[in-house]
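**Student:** The residues making up each chain are set out below.
Protein chains: 2
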Amino acid sequence: MSWHAVVVLIGVLAGSVAVAQPRPGGPRGNLAPSEFIVLGTASGPNSEAARAQPANALLVRGQLYLVDAGDGAVAQLAKAGLRLPAVQGVFLSHLHFDHTGGMLAVIGLRMQLEVQGTLRVFGPPGTRELVDGLLAASRPAMRAGYGIPGQGWSADIEVVELTDGDAVSLDGFEVTVAENSHFSMPEGDSRAAPSVSLSYRFDLADRSIVYTGDTGPSDALAELAQGADLLISEMIDVDAVLALMRPPGAAAPGSSDPGEATGFAWHMHAHHLTPIQVGELAGAAGVGRLVVTHFAPNPMDQEQAQRYLDAIGENFDGDAELAVDLGRY
Amino acid sequence: MSWHAVVVLIGVLAGSVAVAQPRPGGPRGNLAPSEFIVLGTASGPNSEAARAQPANALLVRGQLYLVDAGDGAVAQLAKAGLRLPAVQGVFLSHLHFDHTGGMLAVIGLRMQLEVQGTLRVFGPPGTRELVDGLLAASRPAMRAGYGIPGQGWSADIEVVELTDGDAVSLDGFEVTVAENSHFSMPEGDSRAAPSVSLSYRFDLADRSIVYTGDTGPSDALAELAQGADLLISEMIDVDAVLALMRPPGAAAPGSSDPGEATGFAWHMHAHHLTPIQVGELAGAAGVGRLVVTHFAPNPMDQEQAQRYLDAIGENFDGDAELAVDLGRY
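Residue numbers (our numbering), protein chains in the order written: chain A, 1 to 329; chain B, 1 to 329.
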């Protein structure tokens, strides 16, 4: 992983100061503690009554950011007592729709609320295409506004596309990203991956938080997460999901089914983390605390939850818990 | 209002049959009853913890349609025990973001779930631009798919733009629209309205349902709603909203403030229905039952709810109630 490329946004946002923040173990400021709020703990794309789609909020000394924005992200913000107009930016881990489905609402409702100031959208390559498309989709409404003669809506959005090793200095904290394995190609296939999925590290004044986004096992992510105070990790009970999807009598995952080497079962195994692998990641990175989200299948009972924690505990002996919707960590 | 223009979609959807349905008062088939499910009863663009953004579902003999799709519409569907893959079409009343904010999730998650078949999106002029923009926004994710080599996602969407008086025959029911006054211009201003807002009438086998969408008082809507069995009407407590928005000491709505004739207060009064006006509409149209949605301000207590019903009752003596999120009518 390259740590050379650094995107520094100095003075882009009025009042912002790009300052290197203390690394974990360094001095901590005497400031209001940060909060990482898991707005939705489901794994997409299936929507479930009991859990919202992937979305999170990061609250840093009064600054509010979304970290992924699945369907209903703005509604979930409201349930957390937070307001869209306060959102200064969005960090997208990757462009699967379960992580971006709420973005038309984020951008559109912000216009309709006539929020002033720049919204910054950080994400992998393709993020600009996403935002440009959403603005194109928004144009009929922007032209009409509230139907008040001479009035319309406008958007002030800055897109920052990030790739492996990039870092961004924001107002009092630093963000670094690593490309993880969510779009990794099959072993021996030398073609370029079809997209980029990012994991984020937020080095704040009071602590460091790493958000995996969607990923399979990834050395780059384990390096990014080294010594983090809090690791927010995806997890899928891959075998349980595949069993639910498999018609009776069909080949089992890992069988000799010739389509399987590059099929959906391969995708689930290569591009997501099982409970065991989540524990391996947390253990290898030596994080202080682990919060797990992005559950499938769903819902789970207490017994199943304990089995996940037990599997995680095989490789990680720190504080580990399963996130709940609107949980603040 | 012109009733000449008729859009008939015969055979566009495999198995669909365009059949004129009985008008209210005509014979009723012995079929499973239709359901109109109010997924979100808030008025946008403010998101509230207690109510979801404007979205509804129409269930007609196993066919599922969305009627507006604000932020979190797919999540609300799941809470109603309904599934996105079953959605055959979307009827958009107008293109304000509180009524469309969930559309990236509708289109994107449908692709990610690899749902087969055509999704039909009905709406006012501008709907094609909305859908085209959403597809442009979706392209990075469509190219990547699940990251399985050679795999990607595609969309099969048919857009049908409707204007005043248009009618559409679907599988066993008929839909007619009227342009309402949500984008009406100030009196004496002869310029064209900046956009079109539609009210929908669904003539089903078992009953007729009219959905106002967002509107102010409108003769075209009153005509569309004549004799409907069920009227789903928007309502805003306009004066209460303006009082909340007015800084202390500022001019009151309806005052001599020179900016008011075409400002936000004018918009609220001209483009929305007060409780009294909702009763006037239901009374003038002679509907069988009235269900009110799209509340602002929000939340309301029992006493406030009764005041709304009392105001409605001044001009409508039929069955009237205030919708709840996920209420089935």
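Simulated from the structure, these hints should not be mistaken for laboratory data. Be aware that a few hints might be false.
Said to hold, decoys possible - Calculated Cβ distances over 10 Å to all of chain A for the following chain B residues:
(1) P125
(2) A205
(3) D206
Unchecked claim - For lysine to aspartate or glutamate, the following EDC-like pairs were computed, each having C-alpha atoms within a straight-line distance of at most 20 Å:
(4) A:K79 with B:D325
(5) A:K79 with A:E35
(6) B:K79 with B:E35
(7) A:K79 with B:E35
(8) B:K79 with A:E48
(9) A:K79 with B:E48
(10) B:K79 with A:D301
(11) B:K79 with B:D301
(12) A:K79 with A:E48
(13) B:K79 with B:E48
(14) A:K79 with A:D325
(15) B:K79 with A:D325
Just so it is clear, the structure is predicted and the values come from calculations on it, not from any experiment. Every residue, glycine too, gets a C-beta built ideally from N, C-alpha and C.
**Student:** Please write out, lowest number first, the hints stated earlier that are contradicted by the structure.
**Tutor:** 1, 7, 11
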